[in-house]
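Undergrad: Residue numbers (our numbering): 30 to 432.
If you're looking for bench data, these hints aren't it; they were derived computationally from the structure. In this text, a Cβ means the ideal position worked out from N, Cα and C, and glycines have one as well. Please note: incorrect hints may appear among the correct ones.
Claimed, not checked - Computed beta-carbon distance windows for the label pairs: (1) 190 to 65: 25 to 33 Å; (2) 41 to 250: 55 to 63 Å; (3) 393 to 251: 58 to 66 Å.
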Amino acid sequence: MPPLRVRQFAERALAEVPTLAEDILGEIQREYPQLPLVLGDNGEPLALLGIRRALEHFVEHLDKGLDTPRVPSQVFQGFGRGEVLQGRSLDSLQAIYRMGIRMSWRRLAAIGIQMEIPAPAMYELADVGFEFLDGLVAESVRGYAEAAARRAGERLRLQRRLLELMLSEPQRSAAEVAELLADRAARIGWTVPHTVQVAVLLRPARSAVAPAVGDEVLLDMECDQPRMVIPDPDTAGRAELVRRATAGWSGAIGPQVPVAGAVKSLHWAQNAVGMMERGLLPSGELLHCTEHTEALVLLPPEELISDLARRRLAPLDSCGPGHRIRLAETLLAWLETRGGAPEVARRLGVHPQTVRYRLRQIRELWGREIDDPDSRFELELALRSMRLRGEFGGGARHTSGPP
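With the hints as extra help, turn the sequences into a complete structure.
TA: Right under this line is the structure:
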């Protein structure tokens, strides 16, 4: 195209820009009536300003003969940021851009027909128009990504402050904590639940991707052992969501407690994880503390239980190691069942006569103490702790007579 014809075409197109921009904005409002119309300092819609600038830049490109249209980056990055602030995706914005390009092309095509611009030149103009569309979308995506990253970073900061309040020993009155909790929760759009469970996670690898638990479940990945607060765990689908999101992770979920007592749930989860690391609880999965109450109650107070075992199990000190274990297993089975020799024998997988022989020995060793309820209770605590620590023998022995 001769430069003069291009300049004439650009002048005609530039004269159409104000009306075309108004028409495009009107169509956007008809198609997307829910979109807010933000006004600038001069009272003019910012969207109208952006449309007009985009059209002007495109036409200037034609007149100056640039290789690619120059996209007004700040304006369209601002549109992308606006979608983040409004809580929307970029889908509707991209649809709006496509609508604007189609309307613009129809108007430019009409000018081309009036000026008898050759068809090949108009085809080239269409190609450039779609390149320009790509540039608009790219700038909006950049603005959207930057705003989303800032918002995510700000939310994480506010979320950590909320978790810090929930998972630390209270230093204020209950009323003050509740008020502060409600304020910090509102800042991230989190509804304060009635009850929570707190989980402590063990990373499967340093580069492990964070569990995709969604915004309702609070997750702090900044700790060496990530922490997770599960609101109202009985909510339909909540347990399944957590199970799927944490597939491949191990750790422990504390008991369900009122939200004001979240730190208590955290303590139980931490205790369970510590026992997992010592091999006292199964690892490789996300276990629930309430399913391992016996171990969590009996194993952590090691000094107390050890002293109790030393005193209550002292009568076994005179027995050899193997015989000591067999008598301990038999005594625990009897205490747990309070049954006769046949029932205890079935539990141990030995002959009833073997059990009778061992029970006679037990009575000789403990005497009347074995009939005292408090003594039996403490004996059972000590023996259960032995079993939890794996101090009992291996497989059951089958025999027809005394050991």
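Undergrad: May I ask which of the numbered hints given earlier this structure violates, with the numbers listed in increasing order?
TA: Every hint satisfied by this model.
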